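Given the sequences, and given the hints that come with them, work out the whole structure.
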Amino acid sequence: MIKRKKQVHYNQTRREFFLALAKIVAPLAFVLFGSLDVIIYIGAGAAVAMFLFSFNFRSQQKVATYPANNQ
Amino acid sequence: MALRVKYALPVHRFLYGCAGFIVNFVVPIYIYTATNNLTLALAFFLAKYCASAVVAPAIRSWTRCKPLLLMLMHTLLFFAASLTLVFISFSYPTVLLIALLFALSEIFYNTSLNIIFAVTVPNSLATVIQMPFASGLLLAGIAELGIKLPIVPAFVVAAACLFLSLLPLIFIKNDIAILNTKVLSEEIKKPYRDVKRDFFHLSLGLFSGVAFEILPFYLVVNQGLFTLALPMLVIFRALQLIFIKVGDIFHKKGWYNIAMAVCPPTLAALLILTAIFKEQKAAYYLYAAVVAVFPLNFIPNSPLITL
Numbered sequence: 041m042i043k044r045k046k047q048v049h050y051n052q053t054r055r056e057f058f059l060a061l062a063k064i065v066a067p068l069a070f071v072l073f074g075s076l077d078v079i080i081y082i083g084a085g086a087a088v089a090m091f092l093f094s095f096n097f098r099s100q101q102k103v104a105t106y107p108a109n110n111q
Numbered sequence: 006m007a008l009r010v011k012y013a014l015p016v017h018r019f020l021y022g023c024a025g026f027i028v029n030f031v032v033p034i035y036i037y038t039a040t041n042n043l044t045l046a047l048a049f050f051l052a053k054y055c056a057s058a059v060v061a062p063a064i065r066s067w068t069r070c071k072p073l074l075l076m077l078m079h080t081l082l083f084f085a086a087s088l089t090l091v092f093i094s095f096s097y098p099t100v101l102l103i104a105l106l107f108a109l110s111e112i113f114y115n116t117s118l119n120i121i122f123a124v125t126v127p128n129s130l131a132t133v134i135q136m137p138f139a140s141g142l143l144l145a146g147i148a149e150l151g152i153k154l155p156i157v158p159a160f161v162v163a164a165a166c167l168f169l170s171l172l173p174l175i176f177i178k179n180d181i182a183i184l185n186t187k188v189l190s191e192e193i194k195k196p197y198r199d200v201k202r203d204f205f206h207l208s209l210g211l212f213s214g215v216a217f218e219i220l221p222f223y224l225v226v227n228q229g230l231f232t233l234a235l236p237m238l239v240i241f242r243a244l245q246l247i248f249i250k251v252g253d254i255f256h257k258k259g260w261y262n263i264a265m266a267v268c269p270p271t272l273a274a275l276l277i278l279t280a281i282f283k284e285q286k287a288a289y290y291l292y293a294a295v296v297a298v299f300p301l302n303f304i305p306n307s308p309l310i311t312l
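Which chain is which? The protein sequence lines are A and B, in order. Offset between the first sequence (1-based) and this note's numbering: plus 40. Offset between the second sequence (1-based) and this note's numbering: plus 5.
Simulated from the structure, these hints should not be mistaken for lab results. Honestly, I wouldn't trust all of these hints.
To be verified - Only part of the chain B face toward chain A is listed, based on derived beta-carbon distances under 10 Å: (1) PHE49; (2) GLU218; (3) PHE222; (4) TYR223; (5) TYR261; (6) ALA266; (7) CYS268; (8) ILE277.
If you're wondering where the values come from, they're calculated on a predicted model, not measured in any experiment. No residue lacks a Cβ here, since even glycine has one placed at the ideal position from N, Cα and C.
As structure tokens, then:
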């Protein structure tokens, strides 16, 4: 159980890292383009990406591949 | 135990939401209105996100510490950041300092959150996730209706809410080990190194940052004032109830793929519409809809734990 707990914490840390890392893109986009509108459109693109990386295209099963149950 | 956990967690999340709202919602707006410098406000976001990305892996070994200790550190850091914010004059170094303090505070909370709450809460996951936004918007609604707090009392209220939010956790302190044991039996059995999953979390992080932290700031900048109408709150509450129910049905029927097909495209469409109608009142309603739909994204794929 102790070993598994460490593994889960590893997963949580990895997830937190990627969640935080991705957020950097938005203010950087403002620096690059000088527009807040661009940030909102990037957010919309991120929503589409969430769909692409979570929907199970291969299977006809109803279960998505990666639902974010471990948020 | 079940009874205590059932009420302690939502109470904590509601109170914490009042405080969290002020940090994520008000701080960048406060920096912007105080300096009229858009870049400085965006620098706050950038510094906070960078610090979070660095700190999260750095405190990995701390996650086995007592989570309540992390929660206490989170509260103290929040206090330090708030005091610095109120009593300091804004420049790039000071804004970076404030962002660092808030980022540390946030990451300590998220770390302890993962342990204390054992991530999942039975049959109310969506409710719990939405609690901060609900209470935050409620606070905004109160402000809109006339009880407009100056910045210092606002942070006093936030700090009070933070401390009060710790009290319910005392009731579940002895249950944390049991909660952890239960959730670990349902969690991923081994460390994942899956590119697709990582990309999902990158997308999720980017979207949630834009939707819940930058979008409110965006609306204030474009509309020139901090207004959230009462009708918007009513619609938001209605939408929230509907989508929590929808999520519950989807979970019971196992329609996770359908939820994923509905939720992210809807969020994308709402964000685009918000950008199009950014100077109109409708933008606030669209923002409220984004907040309401978001829980559909968190329908779990594993059986919920019965506490």
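Note to self: Of the numbered hints stated earlier in the document, which are not met by this structure?
What the structure shows: none
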